[in-house]
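Trainee: These are the residues of each chain, in order.
Protein chains: 4
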Amino acid sequence: MADELKVAVLGARGRMGTAAVDAVEKAEGMELVAALGRGDSLEKVTEAGATHVVDLTIPDATETNVHFAVENGIHCVVGTTGWDADRLQRLEQKLAANDDVGVLIAPNFALGSVLASAFAAKAAQYFESAEIIELHHPNKVDAPSGTAVRTAQLMAATRAEAGTGPSPDATEKQLDGARGADVDGIRVHSVRLRGLVAHQEVLLGSPGEQLTFRHDSFDHGSFMPGVLLGLRTVASRPGLTHGLDGYLDLGL
Amino acid sequence: MADELKVAVLGARGRMGTAAVDAVEKAEGMELVAALGRGDSLEKVTEAGATHVVDLTIPDATETNVHFAVENGIHCVVGTTGWDADRLQRLEQKLAANDDVGVLIAPNFALGSVLASAFAAKAAQYFESAEIIELHHPNKVDAPSGTAVRTAQLMAATRAEAGTGPSPDATEKQLDGARGADVDGIRVHSVRLRGLVAHQEVLLGSPGEQLTFRHDSFDHGSFMPGVLLGLRTVASRPGLTHGLDGYLDLGL
Amino acid sequence: MADELKVAVLGARGRMGTAAVDAVEKAEGMELVAALGRGDSLEKVTEAGATHVVDLTIPDATETNVHFAVENGIHCVVGTTGWDADRLQRLEQKLAANDDVGVLIAPNFALGSVLASAFAAKAAQYFESAEIIELHHPNKVDAPSGTAVRTAQLMAATRAEAGTGPSPDATEKQLDGARGADVDGIRVHSVRLRGLVAHQEVLLGSPGEQLTFRHDSFDHGSFMPGVLLGLRTVASRPGLTHGLDGYLDLGL
Amino acid sequence: MADELKVAVLGARGRMGTAAVDAVEKAEGMELVAALGRGDSLEKVTEAGATHVVDLTIPDATETNVHFAVENGIHCVVGTTGWDADRLQRLEQKLAANDDVGVLIAPNFALGSVLASAFAAKAAQYFESAEIIELHHPNKVDAPSGTAVRTAQLMAATRAEAGTGPSPDATEKQLDGARGADVDGIRVHSVRLRGLVAHQEVLLGSPGEQLTFRHDSFDHGSFMPGVLLGLRTVASRPGLTHGLDGYLDLGL
Numbered sequence: 001m002a003d004e005l006k007v008a009v010l011g012a013r014g015r016m017g018t019a020a021v022d023a024v025e026k027a028e029g030m031e032l033v034a035a036l037g038r039g040d041s042l043e044k045v046t047e048a049g050a051t052h053v054v055d056l057t058i059p060d061a062t063e064t065n066v067h068f069a070v071e072n073g074i075h076c077v078v079g080t081t082g083w084d085a086d087r088l089q090r091l092e093q094k095l096a097a098n099d100d101v102g103v104l105i106a107p108n109f110a111l112g113s114v115l116a117s118a119f120a121a122k123a124a125q126y127f128e129s130a131e132i133i134e135l136h137h138p139n140k141v142d143a144p145s146g147t148a149v150r151t152a153q154l155m156a157a158t159r160a161e162a163g164t165g166p167s168p169d170a171t172e173k174q175l176d177g178a179r180g181a182d183v184d185g186i187r188v189h190s191v192r193l194r195g196l197v198a199h200q201e202v203l204l205g206s207p208g209e210q211l212t213f214r215h216d217s218f219d220h221g222s223f224m225p226g227v228l229l230g231l232r233t234v235a236s237r238p239g240l241t242h243g244l245d246g247y248l249d250l251g252l
Numbered sequence: 001m002a003d004e005l006k007v008a009v010l011g012a013r014g015r016m017g018t019a020a021v022d023a024v025e026k027a028e029g030m031e032l033v034a035a036l037g038r039g040d041s042l043e044k045v046t047e048a049g050a051t052h053v054v055d056l057t058i059p060d061a062t063e064t065n066v067h068f069a070v071e072n073g074i075h076c077v078v079g080t081t082g083w084d085a086d087r088l089q090r091l092e093q094k095l096a097a098n099d100d101v102g103v104l105i106a107p108n109f110a111l112g113s114v115l116a117s118a119f120a121a122k123a124a125q126y127f128e129s130a131e132i133i134e135l136h137h138p139n140k141v142d143a144p145s146g147t148a149v150r151t152a153q154l155m156a157a158t159r160a161e162a163g164t165g166p167s168p169d170a171t172e173k174q175l176d177g178a179r180g181a182d183v184d185g186i187r188v189h190s191v192r193l194r195g196l197v198a199h200q201e202v203l204l205g206s207p208g209e210q211l212t213f214r215h216d217s218f219d220h221g222s223f224m225p226g227v228l229l230g231l232r233t234v235a236s237r238p239g240l241t242h243g244l245d246g247y248l249d250l251g252l
Numbered sequence: 001m002a003d004e005l006k007v008a009v010l011g012a013r014g015r016m017g018t019a020a021v022d023a024v025e026k027a028e029g030m031e032l033v034a035a036l037g038r039g040d041s042l043e044k045v046t047e048a049g050a051t052h053v054v055d056l057t058i059p060d061a062t063e064t065n066v067h068f069a070v071e072n073g074i075h076c077v078v079g080t081t082g083w084d085a086d087r088l089q090r091l092e093q094k095l096a097a098n099d100d101v102g103v104l105i106a107p108n109f110a111l112g113s114v115l116a117s118a119f120a121a122k123a124a125q126y127f128e129s130a131e132i133i134e135l136h137h138p139n140k141v142d143a144p145s146g147t148a149v150r151t152a153q154l155m156a157a158t159r160a161e162a163g164t165g166p167s168p169d170a171t172e173k174q175l176d177g178a179r180g181a182d183v184d185g186i187r188v189h190s191v192r193l194r195g196l197v198a199h200q201e202v203l204l205g206s207p208g209e210q211l212t213f214r215h216d217s218f219d220h221g222s223f224m225p226g227v228l229l230g231l232r233t234v235a236s237r238p239g240l241t242h243g244l245d246g247y248l249d250l251g252l
Numbered sequence: 001m002a003d004e005l006k007v008a009v010l011g012a013r014g015r016m017g018t019a020a021v022d023a024v025e026k027a028e029g030m031e032l033v034a035a036l037g038r039g040d041s042l043e044k045v046t047e048a049g050a051t052h053v054v055d056l057t058i059p060d061a062t063e064t065n066v067h068f069a070v071e072n073g074i075h076c077v078v079g080t081t082g083w084d085a086d087r088l089q090r091l092e093q094k095l096a097a098n099d100d101v102g103v104l105i106a107p108n109f110a111l112g113s114v115l116a117s118a119f120a121a122k123a124a125q126y127f128e129s130a131e132i133i134e135l136h137h138p139n140k141v142d143a144p145s146g147t148a149v150r151t152a153q154l155m156a157a158t159r160a161e162a163g164t165g166p167s168p169d170a171t172e173k174q175l176d177g178a179r180g181a182d183v184d185g186i187r188v189h190s191v192r193l194r195g196l197v198a199h200q201e202v203l204l205g206s207p208g209e210q211l212t213f214r215h216d217s218f219d220h221g222s223f224m225p226g227v228l229l230g231l232r233t234v235a236s237r238p239g240l241t242h243g244l245d246g247y248l249d250l251g252l
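Going down the list, the sequences are from chains A, B, C and D. Position 108 of the first sequence, counted from 1, bears residue number 108 in the working numbering, the numbering being contiguous throughout. Position 101 of the second sequence, counted from 1, bears residue number 101 in the working numbering, the numbering being contiguous throughout. Position 24 of the third sequence, counted from 1, bears residue number 24 in the working numbering, the numbering being contiguous throughout. Position 222 of the fourth sequence, counted from 1, bears residue number 222 in the working numbering, the numbering being contiguous throughout.
Everything labelled a hint here was simulated from the structure, so no lab data went into it. Computed from a prediction, not measured in an experiment: that's the story for all the values here. Treat each hint with caution, since some may be false.
[Unchecked claim] Straight-line distance between alpha carbons at most 30 angstroms, and here's what the computed BS3-like set of lysine-lysine pairs gives:
#: 1; chain 1: C; residue 1: K44; chain 2: B; residue 2: K26
#: 2; chain 1: A; residue 1: K26; chain 2: D; residue 2: K140
#: 3; chain 1: B; residue 1: K44; chain 2: B; residue 2: K26
#: 4; chain 1: D; residue 1: K94; chain 2: D; residue 2: K6
#: 5; chain 1: B; residue 1: K26; chain 2: B; residue 2: K6
#: 6; chain 1: C; residue 1: K173; chain 2: A; residue 2: K140
#: 7; chain 1: D; residue 1: K140; chain 2: B; residue 2: K173
#: 8; chain 1: D; residue 1: K26; chain 2: B; residue 2: K173
#: 9; chain 1: A; residue 1: K173; chain 2: C; residue 2: K94
#: 10; chain 1: D; residue 1: K6; chain 2: D; residue 2: K26
[Unchecked claim] A few chain D residues that don't get close to chain C, going by computed Cβ distances all over 10 angstroms:
#: 11; residue: G14
#: 12; residue: A34
#: 13; residue: I58
#: 14; residue: P59
#: 15; residue: A110
#: 16; residue: A116
#: 17; residue: K122
#: 18; residue: L204
#: 19; residue: T212
#: 20; residue: R214
#: 21; residue: S217
#: 22; residue: P225
#: 23; residue: T241
#: 24; residue: D249
Don't be surprised by glycine CBs; every beta carbon is placed ideally from N, CA and C.
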């Protein structure tokens, strides 16, 4: 089929890469043309005639990979971390010289998580109280989760912009830690429980009502619908897009 | 204070009206100038110098009330039901002749409920599966709730527009009713439980993840923040607005 | 009807007392024969022929009230706080001399809350991980709630007795407070949200599964079924019972 | 170590058997001495000196396996289905002649699920309203789940015994199926959602309060703690025990 996407997966032997190979093979409208692991030459991507690349490698490799793809007119969906301001600036320059190529760099491909964060940020300005509970497996080393911290920051920003006051709290005496961590005025509570994977609840309250957004990530398969959405959209969005929410139709 | 809203409440002796009188009296930036019950003359509204009216009366009275207000240049926030297509058309004509007056007609003033419905409709297109559970006190005579039916219709519409397929369901044998009611292809389940007021969960699922929106309405105080938001916004939105979501900043 | 309970409510003008008067009047099989407020003479109880007393007064009055009732052969259901070890010992002595009289002293009459605590304590020994989230209105001055602390202590005790190890937790770096308060090794998180009343979740986790108990107290009416259960049971349980769970059929 | 359990797993190549082999190998205080698949001789069990057998085979094989073990003085933990009344009677006779041998036959080894059902049955008698929501993956062919039907039956039985009336329900008009399936007077709602595995909520309500039990089964690892508990307990419980709850300390 002429319009089928020809996809090369970079980092194909890692956990995420393996899942991406599997997802691309099963998806309609796309064909897996190359699967590269550590040590494989990037030439394989062009030799295979790839129109799209999924980069799920490591911070040390991702910039070289993406520049190579852009120079060859290949659209990129990137899940690797490590894209700091300097790297993003160099990528923007590279894209300016290849202005029909699209690149999506997304720190999170779980659609539900991305949507929940976006909605929580919007809704937080309309409620007196706002708190976050995040729940993860007990092997996690940091608390709160990075997603919870970012969600709290987004919520705090929209509340500040709208002139929403601080969440009311009459607590006078507490056991140390009971009221959670304070992230820009939003209280964040971290639960660690065997059996769980990654879950988050945003709780918003006003007189007589509560609005709750909950996202459950049960396994890493949750990232693949977002990767496929990225692959299907990236060619129609030349230039750099940062964050999967840029591809979602969320105007209300 | 020159810019203070001068508010008249119509239907001030009903349950909602009583709550509105109380809310307006306590709110910053507005003053209660009149509170009318059944039999009171509408002239009281103009005599009191009202700039805004809240109409919480009955279907038989609301059209007369709103026309009177519009003719006198008074902005209206309307929670009364009964505004069918004919009435809305006559009101549009009336407003065309008074084009600096704003009217908000809202079937639901609970901010959380309005937001949850809007978000659910947007998000439903991105998930394989979508169902609704609504939970109410056991004195409710209809099932599902009107809010649940409307939410399901909105979700079904965005799924159809985006080309999302039907929710997968391999059920071959079931006890009658187990899989709920079918509203445009969305399954809706109605729980009736002593102790509850009005609650709704929208459940969205894809491989490895779930996104849930839950709204709890604990008491009728939940409507007042929406009424106050309407009062503060209506003067800046001349013409007719239908639904509180028209006043919410939901662009994402 | 000969077997009808004749109930006197003490503290009848307080918030709880008013609710109790209402509940007794509506309940089948019992009759309200007296409702005493501050300053009323206890003689009214005996003059009215009460067989049962509900004491919802204040710590300074409750001991005198209960001793008066016991001396007069009247069964007591007591919701007033302030019963320390000395008072309990004096009451035991008084009951030893009136051995057909029953007294129930209960710190909590919400059946759901009492059941949830009892079940949580039992179940906690069978799971690797155990945490508590309690959620209350934002006017509450202490965190965690007394109920959450007691529940955690009960859970910790059954875990210790069964030899269950500590909940696993690999947290190495955290924002201060993120992991909640530590109550005997059980992490407790306190949410304060406008719109809420009093709610508690006990979360238990093991590989591949989670068990959650949630109790919601929406208003003070939640105490009345427990008061009525107490009144119906107390005559058949001579002597002192401490805690409503003593009247519940929980053997499994 | 003299007291170590010597465990043989029957059906060791099936999905559950594979997990059991893994769990026994990792567990403290027990040693895997044999792992039999289809076609292996039962003699391997005695030759390996097994003190305990885990049977996870098929209905056609399980009776022969268990009789062989009992005759050889080996305790049995059985997860295979197919034990009808006739088989149970024959096993009781066999055990009467080998009265120091213990056998546990359990239809469900997930501790959380067993506990939730037991607690729900107990608690249901104390609340006006009781309903069940069960949520599963969309490949499930029957609705409601067998667990939900059994839980509803147990709840209905304790409510009937306690004289609890039917759950109040004023529904006059409903979309077909909205109020769920009726199992002995308990309404049961079946959600089917991509991403889910097996989940159940029991909702109990009375004036002003709600008590909810939720069990989540995320993967089949959830059965192994129950199998290990069975192995550790079975030798101290001679004769036949039906249901894992018989081994749980649930007296309250």
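Trainee: Next, verify each hint and record whether it holds.
Mentor: Consistency of the hints with the structure:
A C-alpha spacing of about 44 angstroms is found between C/K44 and B/K26, which places the hinted pair above 30 angstroms, so the restraint is violated. Annotation: proposed proximity of A/K26 to D/K140 holds, straight-line Cα distance about 22 angstroms (limit 30 angstroms). About 22 angstroms separates the Cα atoms of B/K44 and B/K26, which keeps this hinted pair within 30 angstroms; it holds. A C-alpha spacing of about 22 angstroms is found between D/K94 and D/K6, which places the hinted pair at or below 30 angstroms, so the restraint holds.
At most 30 angstroms may separate the alpha-carbon atoms for a hinted pair to count; B/K26 and B/K6 meet this at roughly 13 angstroms. A hinted pair counts as satisfied when its Cα atoms are at most 30 angstroms apart, and C/K173 with A/K140 qualifies at roughly 10 angstroms. Restraint check: the Cα-Cα separation between D/K140 and B/K173 comes to about 10 angstroms, which is no more than 30 angstroms; the hinted pair holds. A C-alpha spacing of about 40 angstroms is found between D/K26 and B/K173, which places the hinted pair above 30 angstroms, so the restraint is violated.
Annotation: proposed proximity of A/K173 to C/K94 is violated, straight-line Cα distance about 38 angstroms (limit 30 angstroms). Annotation: proposed proximity of D/K6 to D/K26 holds, straight-line Cα distance about 13 angstroms (limit 30 angstroms). No Cβ of chain C approaches the Cβ of D/G14 within 10 angstroms, the least distance being about 17 angstroms, so the stated non-interface status holds. A cut-off of 10 angstroms between C-beta atoms confirms that D/A34 is not in contact with chain C; the least separation is 24 angstroms.
Annotated as non-interface, D/I58 keeps its C-beta farther than 10 angstroms from every C-beta of chain C; the closest such distance is 23 angstroms. Listed as outside the interface, D/P59 is consistent with that label: its C-beta sits roughly 25 angstroms from the nearest C-beta of chain C, beyond the 10 angstroms cut-off. Residue-level check failed: D/A110 sits 6 angstroms from the nearest beta carbon of chain C, not beyond 10 angstroms. Not every Cβ of chain C is farther than 10 angstroms from the Cβ of D/A116; the closest lies at roughly 6 angstroms, contradicting the non-interface assignment.
For D/K122, the shortest C-beta to C-beta distance to chain C comes to about 6 angstroms, within the 10 angstroms cut-off, and the non-interface label is violated. With a closest Cβ-Cβ approach of about 7 angstroms to chain C, D/L204 is found to fall inside the 10 angstroms limit, against its non-interface label. With a least CB separation of 4 angstroms from chain C, D/T212 falls inside the 10 angstroms interface cut-off, contrary to its annotation. Listed as outside the interface, D/R214 is inconsistent with that label: its C-beta sits roughly 4 angstroms from the nearest C-beta of chain C, within the 10 angstroms cut-off.
For D/S217, the non-interface assignment is contradicted: its Cβ lies about 5 angstroms from the closest Cβ of chain C, within the 10 angstroms cut-off. Some Cβ of chain C comes within 10 angstroms of the Cβ of D/P225; the nearest lies about 5 angstroms off, and the non-interface call is violated. Non-interface status of D/T241 relative to chain C is upheld: no Cβ of that chain comes within 10 angstroms, the nearest being about 15 angstroms off. A Cβ of chain C approaches the Cβ of D/D249 within 10 angstroms, the least distance being about 7 angstroms, so the stated non-interface status is violated.
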